[in-house]
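Colleague: Numbering (my numbering), first residue to last: 1080 to 1439.
Honestly, the hints are just simulated from the structure, not real lab data.
In this text the structure is predicted, and so the values were computed from the model without any measurement.
One thing to keep in mind: the hints can contain errors.
Derived DSS-like pairs: lysine-lysine, alpha-carbon spacing no greater than 25 Å straight-line [said to hold, decoys possible]:
| hint | residue 1 | residue 2 |
| --- | --- | --- |
| 1 | Lys1265 | Lys1203 |
| 2 | Lys1332 | Lys1310 |
| 3 | Lys1265 | Lys1332 |
| 4 | Lys1324 | Lys1265 |
| 5 | Lys1203 | Lys1122 |
| 6 | Lys1208 | Lys1222 |
| 7 | Lys1360 | Lys1332 |
| 8 | Lys1222 | Lys1093 |
| 9 | Lys1324 | Lys1334 |
| 10 | Lys1275 | Lys1120 |
| 11 | Lys1310 | Lys1324 |
| 12 | Lys1208 | Lys1229 |
| 13 | Lys1208 | Lys1120 |
| 14 | Lys1360 | Lys1390 |
| 15 | Lys1222 | Lys1122 |
| 16 | Lys1334 | Lys1265 |
| 17 | Lys1120 | Lys1203 |
| 18 | Lys1146 | Lys1093 |
| 19 | Lys1389 | Lys1426 |
| 20 | Lys1265 | Lys1326 |
| 21 | Lys1148 | Lys1120 |
| 22 | Lys1390 | Lys1426 |
| 23 | Lys1148 | Lys1222 |
| 24 | Lys1122 | Lys1229 |
| 25 | Lys1326 | Lys1310 |
| 26 | Lys1360 | Lys1326 |
| 27 | Lys1122 | Lys1146 |
| 28 | Lys1334 | Lys1310 |
| 29 | Lys1275 | Lys1265 |
| 30 | Lys1146 | Lys1222 |
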Amino acid sequence: MTEASQKIDTTEKKEPRIGVFVCHCGHNIAGVVDVEEVAEKAKSLPNVVFSTHEMFMCADAGQQLIKDKIDEMQLNRVVVASCSPRMHEPTFRRVCESAGLNRYLFEQVNLREHVSWCHMREPKAATEKAWDLIRMAVARARKLEELPIKQVEVTPRTLVVGGGISGLRAALDIADRGFEVVLVEKEPELGGHVRKWTHLFPADESGAQVISPLIRHVERHNMITVMTNSKVAEFDGYIGNFSVKIKNTETEKTKTVEVGTVVVATGFRPFEPEGYYAYAKSEDIITLAQLQELPPRAELRRPSDGRIVKKLAFIGCVGSREPGKKGHEHCSRHCCSAVAQASADLKDRVEEVLILYQDI
């Protein structure tokens, strides 16, 4: 009997027989976690009939060990404690499958990224955490059920939510590949924020100049249906076959479309710095987004009295790097480059530009 032809009985009446395989990952895991200790302790867990540790579970020898023990110990559940599932979960599922075990009767524990790498100076605590994660994985493995792999028909149509530059590009790329696209935008016009921006850096063009050709291509494409002033009202279905009810916010009418995939490109809302630096208390304190919507190359005038602006100050990091406040603790990774761009644009329009910052 070949490995591929073998089929292990995993009916509900069959008591779980779990095998635990702990990987050293060279010194990546074993240099911090006591892998021998956790592998030995795993033998005491309910339904665990085999537990061991191996230098590299992903190597040919490690994979063969799993297959051999599935056959020898009649394992019907497998737990591998190793590196990230992003790297080798498909590998270990294929190993189980080649040994006759359903690929979904497998559980993986991430002892590298989630334990040894983030607790490299705490070997005792890391070992305790590794033990906890393995215990939880074994408990989960007991409840795993065999799942069949099925093929289903997929609706060859895509819903793109958001008519900004990302949504437009996604819709056009998909339609050019021969698939129908329904593009939903809540505003009356396509283009999002980019359409309003008067100058893009480093190109000497306005947002409208950049995005208008894209909008025209989308609106004229025979595979794209554009629905403006519209929102997704209801969403139902399953992978590959979704039923979406779309509501027109002007007419209140709804339309149901059947799609197989969905692209969410809903963009962003500019931060409103209410409570910061007298914003909203003075007409002359505006956001960078508001500045970018002013006519380019025209004289910059104060909103309060219309006088020409001679000196202008930018305040960076508003809403960022602020633990415990309204904003965020982290750096936005946007302010510095945006202020540098805006300053370059304004150098010929105002006499002096001042930039106040925490860090650049």
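Colleague: Now, for every hint given, state plainly whether the structure supports it.
Modeller: A quick look at each hint next to the structure:
1. Lys1265 to Lys1203: violated, 54 Å
2. Lys1332 to Lys1310: holds, 11 Å
3. Lys1265 to Lys1332: holds, 14 Å
4. Lys1324 to Lys1265: holds, 14 Å
5. Lys1203 to Lys1122: OK: Lys1203 and Lys1122 at ~20 Å, within 25 Å.
6. Lys1208 to Lys1222: holds, 22 Å
7. Lys1360 to Lys1332: This hinted pair is violated, its Cα atoms lying about 40 Å apart.
8. Lys1222 to Lys1093: holds, 12 Å
9. Lys1324 to Lys1334: holds, 6 Å
10. Lys1275 to Lys1120: This hinted pair is violated, its Cα atoms lying about 63 Å apart.
11. Lys1310 to Lys1324: holds, 9 Å
12. Lys1208 to Lys1229: Violated. Lys1208 to Lys1229 sits at ~37 Å, over the 25 Å cutoff.
13. Lys1208 to Lys1120: This hinted pair holds, its Cα atoms lying about 13 Å apart.
14. Lys1360 to Lys1390: Given that 25 Å is the threshold and the Cα spacing comes to 20 Å, the pair holds.
15. Lys1222 to Lys1122: holds, 18 Å
16. Lys1334 to Lys1265: holds, 15 Å
17. Lys1120 to Lys1203: Holds, because 15 Å separates the two Cα atoms, which is no more than 25 Å.
18. Lys1146 to Lys1093: holds, 20 Å
19. Lys1389 to Lys1426: At roughly 11 Å apart (the allowed maximum being 25 Å), Lys1426 and Lys1389 satisfy the hint.
20. Lys1265 to Lys1326: holds, 10 Å
21. Lys1148 to Lys1120: holds, 19 Å
22. Lys1390 to Lys1426: holds, 11 Å
23. Lys1148 to Lys1222: At roughly 21 Å apart (the allowed maximum being 25 Å), Lys1222 and Lys1148 satisfy the hint.
24. Lys1122 to Lys1229: With Cα atoms ~35 Å apart, Lys1122 and Lys1229 exceed 25 Å; violated.
25. Lys1326 to Lys1310: holds, 5 Å
26. Lys1360 to Lys1326: violated, 37 Å
27. Lys1122 to Lys1146: Within the cut-off at roughly 19 Å; holds.
28. Lys1334 to Lys1310: holds, 10 Å
29. Lys1275 to Lys1265: holds, 16 Å
30. Lys1146 to Lys1222: Since the Cα atoms of Lys1146 and Lys1222 sit roughly 21 Å apart, the hinted pair holds (cutoff 25 Å).
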